[in-house]
Amino acid sequence: MTENMEPSYAGEGIYRENILDHYKHPHNKGIIENADIKFTENNPFCGDVITVTIKLKNHKTDGMKLIDDIKFTGSGCAISQAAASMLTEKIKGKSLKQIKNIQRDNIVNMLGIKIGVVRTKCAMLCLTAIKEGIKKI
Amino acid sequence: MPETRLLDAEKIRKDFPILKRKVNGKPLVYLDNAATTQKPKVVIDALKHYYENYNANIHRSIHQLGEEATAAYELAHKKVSDFINAAFEEVIFTKSTTESLNLVAYSLTSSLKENDEIAISQMEHHSNFVPWQQLALKRKLKLKFIEIDSKGILKEDSIKQNITKKTKIVSVTHVSNVLGTINDIKKIGEIAHENNAMLIVDSAQGIPHIPVNVKNIDCDFLAFSGHKMLGPTGIGALYGKKEMLEKMEPFLYGGEMIREVTFKHTRFNELPWKFEAGTPNIAQAIGLGTAVDYLKKIGMKNVMQHDKKLTEYAFKRLSEIKEVEIYGPESNKRSSLIAFNVEGVHAHDVSAILDSNGIAIRAGHHCAMPLASKLGIAASARASFYVYNTKEEIDKLAEGIFKVVKIFNAK
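Chains Z and H are the protein sequences, given in the same order.
Using this note's numbering, read the first sequence as starting at 1 and increasing by one per residue.
Using this note's numbering, read the second sequence as starting at 1 and increasing by one per residue.
Hints in this document: simulated from the structure, not taken from any laboratory.
Accuracy of the hints is not assured; some may be wrong.
On the chain Z side, residues computed to face chain H include the following (Cβ under 10 Å) [claimed, not checked]:
1) Tyr15
2) Leu20
3) His22
4) Gly47
5) Asp48
6) Ala78
7) Arg119
8) Cys122
Every residue, glycine too, gets a C-beta built ideally from N, C-alpha and C.
Construct the complete structure from the given sequences, taking the supplied hints into account.
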């Protein structure tokens, strides 16, 4: 890498207060008993693991499947845990179709920080688990 | 006991072009040597010189370039075999420690039968774990694990319990890439041989830091990588006792490893070429030979003392930070690495914050997932040292860890 190339991420800057807050006090941490979807995903390079459990409901009028409730457990770095905490909060009430459309950029925007290729895997872990879990139904 | 002394790292650092660069605006503090070491200019130049002056295939091209390339490749072989006190025909070049260990595992397959036992340890890197696990599954062999104690040292009674008359192969690491433990491989070898089992040593983390004499260890095989000892990636080696290599089947078939091929039959080449099928990594092999020259010039005893002294200092500095938990034995029983965790902070985050201060360490399970689960941790941070590292860099590491604590403990 040459001097004028952009750094892959903004160093300590990624540990903003909201990220650390979600890491220390994660939302939706836990397991839903009798969940409709349960899926575990891991990142073999760092040992991070996440299990998501999802309860579904039908849309009142068109019968589309919606996320009624979602929880996650597991261990990981501040980025993966904060992303899981924020994402689970954000997708409650959303349809499965809407979730399929969530991409990397949406996760990066949600976190509000700049991350490189390696940390992207951490940030995406929860979304990957949710998407893989949805495929199973 | 001789006094342990630090090398003149400032002088050594001038030989490594990469150490001049900055990372995130700070001078690079490279403490990820157990993953791969940096390369001195002489090694980089050796590759360049080969490609610019005598690039040719070896052992076949009857022209000047071919002659020169063959001579340089064979000289690299000689340098590496001399380095570990092996005979020329006892060292096979591979691409890595992993390939070396796979070569042994595959080539020994036909000599094993159902219920034969293989003993490895709980602290093995995946490269000395998965090949044996898979071989055991395919051939219905029994895989035994020598246990570690709470300090990360192989338990003596477990060594004796797991190496018995049923054992055919004992394969252990010389130095743990997570715990830093230096195993008494000579003693394990004695126990293996008493039981008519062979000893295979994974010395990927040993050879770069400790003088290795295969005759003295009396191991049957020893595997290592070039890139962890100042050499290029893509080149590694397997030492094997001549009588073992002679009766072993080739791992790969093809060009280079043959003496004569007819439509019905193939006679294999002599050692070590019997195990080097295909065009090898010629430039990388020459580069490894140069790296060996460089290490010999410093002297492996001096390298060992330097690494030991730095590790002791790092152990002391890290032990002073109350949020830090170190894995593995006391500093006098370990080689040049320290794996640790900072309370309440994932290793990735430790590494990322250190990186923003120009400090490169490793974070993860270090390719030893069974060991990580035994230690009850998902991941750890690891700082590892080599000839160009200084005490000042370790002070920077300690300061960086204090910063990690501060960032994560802030309201």
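Evaluation of the provided hints:
The restraint placing tyrosine 15 of chain Z at the interface with chain H holds, with a minimum CB-CB distance near 5 Å, inside the 10 Å limit. Nearest Cβ of chain H to the Cβ of leucine 20 of chain Z: about 7 Å, under the 10 Å cut. The hint holds. For the restraint placing histidine 22 of chain Z at the interface with chain H, the shortest Cβ-Cβ distance is roughly 13 Å, beyond the 10 Å limit, so the hint is violated. The interface hint given for glycine 47 of chain Z holds, since its Cβ lies 4 Å from the closest Cβ of chain H, which is under the 10 Å cut-off.
The restraint placing aspartate 48 of chain Z at the interface with chain H holds, with a minimum CB-CB distance near 7 Å, inside the 10 Å limit. With a cut of 10 Å, the hint placing alanine 78 of chain Z at the interface with chain H holds, because the nearest CB-to-CB distance is about 5 Å. This hint holds: arginine 119 of chain Z has a C-beta 7 Å from the nearest C-beta of chain H, less than the 10 Å allowed. The restraint placing cysteine 122 of chain Z at the interface with chain H holds, with a minimum CB-CB distance near 6 Å, inside the 10 Å limit.
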